[in-house]
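Since chain L is already given, all that's left is putting chain U on it; use the hints.
The primary structure of each chain is shown beneath.
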Amino acid sequence: MSAAQHAETAQHAGDHTENATHGAEEGFDAGTVIIEHVSNSSHDHPVLHLPHIEIAGIDFSITKHVMMMWLVAGFLFLIITMTTRRFLAQERPIPTGLMTGLEWLVQSIRDSIVLPNVGAKWVNTWTPVILTLFLFILMCNAVGLIPIFEVFGLVDRYVLGNGYSADSMINSVLHGGTTATANYNVTAALATITFFSIMIAGTMAHGFIHHWKNLVPPGLAWPVYILLIPIEFMGLFVKPFALTMRLAANMTGGHIAILSILSLVFIFTQVFESAALGVGVGFTVAVPLAVGISALEIIVVMVQAYVFTLLTSVFIGMAINVHH
Amino acid sequence: MDNPLVQPDPGLFFWTILTFLTLVFLLKKFAWGPLLKALEERQETIRTALDDAEQAKQELTRLQNESAQIIAEARAEAQSIVTKSRAEAERVREDLKEKAKNEADAILKNAERQIHLETDRAVQQIRQEVVELSLNVASKLIRKNLTQEDNDALIQESLSQIESSRH
Numbered sequence: 001m002s003a004a005q006h007a008e009t010a011q012h013a014g015d016h017t018e019n020a021t022h023g024a025e026e027g028f029d030a031g032t033v034i035i036e037h038v039s040n041s042s043h044d045h046p047v048l049h050l051p052h053i054e055i056a057g058i059d060f061s062i063t064k065h066v067m068m069m070w071l072v073a074g075f076l077f078l079i080i081t082m083t084t085r086r087f088l089a090q091e092r093p094i095p096t097g098l099m100t101g102l103e104w105l106v107q108s109i110r111d112s113i114v115l116p117n118v119g120a121k122w123v124n125t126w127t128p129v130i131l132t133l134f135l136f137i138l139m140c141n142a143v144g145l146i147p148i149f150e151v152f153g154l155v156d157r158y159v160l161g162n163g164y165s166a167d168s169m170i171n172s173v174l175h176g177g178t179t180a181t182a183n184y185n186v187t188a189a190l191a192t193i194t195f196f197s198i199m200i201a202g203t204m205a206h207g208f209i210h211h212w213k214n215l216v217p218p219g220l221a222w223p224v225y226i227l228l229i230p231i232e233f234m235g236l237f238v239k240p241f242a243l244t245m246r247l248a249a250n251m252t253g254g255h256i257a258i259l260s261i262l263s264l265v266f267i268f269t270q271v272f273e274s275a276a277l278g279v280g281v282g283f284t285v286a287v288p289l290a291v292g293i294s295a296l297e298i299i300v301v302m303v304q305a306y307v308f309t310l311l312t313s314v315f316i317g318m319a320i321n322v323h324h
Numbered sequence: 325m326d327n328p329l330v331q332p333d334p335g336l337f338f339w340t341i342l343t344f345l346t347l348v349f350l351l352k353k354f355a356w357g358p359l360l361k362a363l364e365e366r367q368e369t370i371r372t373a374l375d376d377a378e379q380a381k382q383e384l385t386r387l388q389n390e391s392a393q394i395i396a397e398a399r400a401e402a403q404s405i406v407t408k409s410r411a412e413a414e415r416v417r418e419d420l421k422e423k424a425k426n427e428a429d430a431i432l433k434n435a436e437r438q439i440h441l442e443t444d445r446a447v448q449q450i451r452q453e454v455v456e457l458s459l460n461v462a463s464k465l466i467r468k469n470l471t472q473e474d475n476d477a478l479i480q481e482s483l484s485q486i487e488s489s490r491h
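In order, the protein sequences belong to chains L and U. The numbering used here applies: residue 1 is where the first sequence begins, and numbers increase by one. The numbering used here applies: residue 325 is where the second sequence begins, and numbers increase by one.
Not one of these hints is a red herring.
Once the Cα atoms are required to be at most 25 Å apart in a straight line, the calculated SDA-like pairs of lysine to any residue come out as:
{"id": "1", "chain 1": "U", "residue 1": "Lys352", "chain 2": "L", "residue 2": "Phe75"}
{"id": "2", "chain 1": "U", "residue 1": "Lys353", "chain 2": "L", "residue 2": "Ser108"}
{"id": "3", "chain 1": "L", "residue 1": "Lys121", "chain 2": "L", "residue 2": "Phe195"}
Chain U is nowhere near these chain L residues, computed Cβ spacing over 12 Å in every case:
{"id": "4", "residue": "Gly97"}
{"id": "5", "residue": "Ser112"}
{"id": "6", "residue": "Pro116"}
{"id": "7", "residue": "Gly119"}
{"id": "8", "residue": "Met204"}
{"id": "9", "residue": "Phe208"}
{"id": "10", "residue": "Pro218"}
{"id": "11", "residue": "Ile231"}
{"id": "12", "residue": "Ala242"}
{"id": "13", "residue": "Arg246"}
{"id": "14", "residue": "Ala276"}
{"id": "15", "residue": "Val281"}
{"id": "16", "residue": "Pro288"}
{"id": "17", "residue": "Ala295"}
Keep in mind the hints are simulated off the structure, nothing from the lab. Quick caveat: nothing in here was measured; it's all calculated off a predicted structure. Ideal Cβ placement from N, Cα and C applies to all residues, glycine included.
Okay, chain L solo, but in the shape it has when bound:
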C-alpha cells in the first residue's frame, strides 16, 4: 500500500465520516481509515448501483465483499475447470503444469483431510464440498493481502486523471481489495454451510431420526440425559459459531495490525507536522514491520483455511461415524 493512497484514504475518511470525533478538520483519523478498509462498504454506497433490492426489509445490494466473493468464485471456477478439462482431454492422464499442483491439492485434501474423518464410504460425497470450501476460503483470505484494487484506483485517479468521485465505480472499488472472510456475516454464512452439511451427512448416513438420537450416547441413566441433551444441543451451535469467530477474527486482526503500523507514517507526519519524518518512520519502522506481518499473514491465511476445512470435515465425520 502506498503512502499516497493512504493520504488520499485519510481525506476520503475525513470527507465521509460524520461522527468522527476529531476528523472534522483535514486531520488523519487512523481508526476510521482502518475500519473503512477492513469493513464492508456501506449499503448507501454499494459497489454496483443495482436497483435497490429490498425484500422483507433485507438489503441485497452488491457491496464490495459480495463483489470480492464473486471475483474469487469466478476465478476459481475458470482456473479449476480449465485445468481439469485440459487434463481430462489428454489421451493419457499425465498431469502437467497447473494440474500437478491441483492434483496434489485434491489428493492431499481427499486422502489426509476427508478420508480419515469421513471414512471410505462417504469420501466421494464430501470431498467436492470440502475442496470447494478450502479453496474458496483460501482465495478469499489471500486476495485481501493483494492491494490490486488500490493500485487500480490510484491509476484511475492520478494516471488517467479521473479525479475523485464518490459515484464512480472504480472509486468504490478503490477500497475493495478487502478480505470478505474478515466479515462476520460471510464466515457465519460459511459456518451455516458447515452446520447444514453436518445435518445432511448425519441424516444421509443414519436416517433423520437416528441422526438426532446419535446426539447423545445411548444407555445412560436418565438424570445424565437432563444435563447432557442441552449441552449437546448447545454444542450443535457452538461448533459453527466458533468457526465463524475464529476465521473472521484472524482475518480482521492481521489487516488491522498491518494498517495500524502503516498509519504510523501519517500519525507522525501530522503530530510533528513534518512529511519527512513521516516518510522516514515509514521506511525505517512501518514498512519493514508491515512486510513482516504480511509474511505472517500468508501463513495465517493458509492455516485458517486449513483449520476451517479440517474442522468441517471432522464435524461431518463425527455425524457419520458416531462414537462417544
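Just chain U, lined up with the frame of chain L:
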C-alpha cells in the same frame, strides 16, 4: 451497534451462501466430479499394472524353474540312454564272440573227424593193395613150388601175422 465490523448484514449472508452453493454445484459438475473419477481410475490402472507385472514376474520364475527342470530331466535321460546302449553293445559283442568261437570249434572238430576217417580209409586201402601186390609178386616167384594147399596156408599165415602186428 454502530461499529461496522460487527454490523449484521443479512444480504451479505444470503449472497455468501448463494455464491458458495453455486460454486460447489458448478465445480462438482465440471471439475471435482470428473477429476476425482479420473484420479481414482488412474489409481486403479496403476494398481492393476503393478499386479500384472507381479504376476508376470511370478509366471516368468515359474517358467524358468520349469525349463530348468525339463533340461535336467532330459540330461539324466540322455545319460541313462548312453549307459544302457553301452551295456547293450557290450552284451552283443560278447554274444557274437561266443557264437564265433563255438562255430570255429565245431568246424575244427568236423575237420578233425573228416581227416581221421580219410586217413583210416586210406590206410585200409593201402593195406589191401600191399597185400594183393605182395601176393602177386610172391605167387609169381613161387608159382611152381607151392601147391594150392601151401598157398592158402601161407596167405592165412601172413594175414594173421599182419593182424597180430596191427594189434
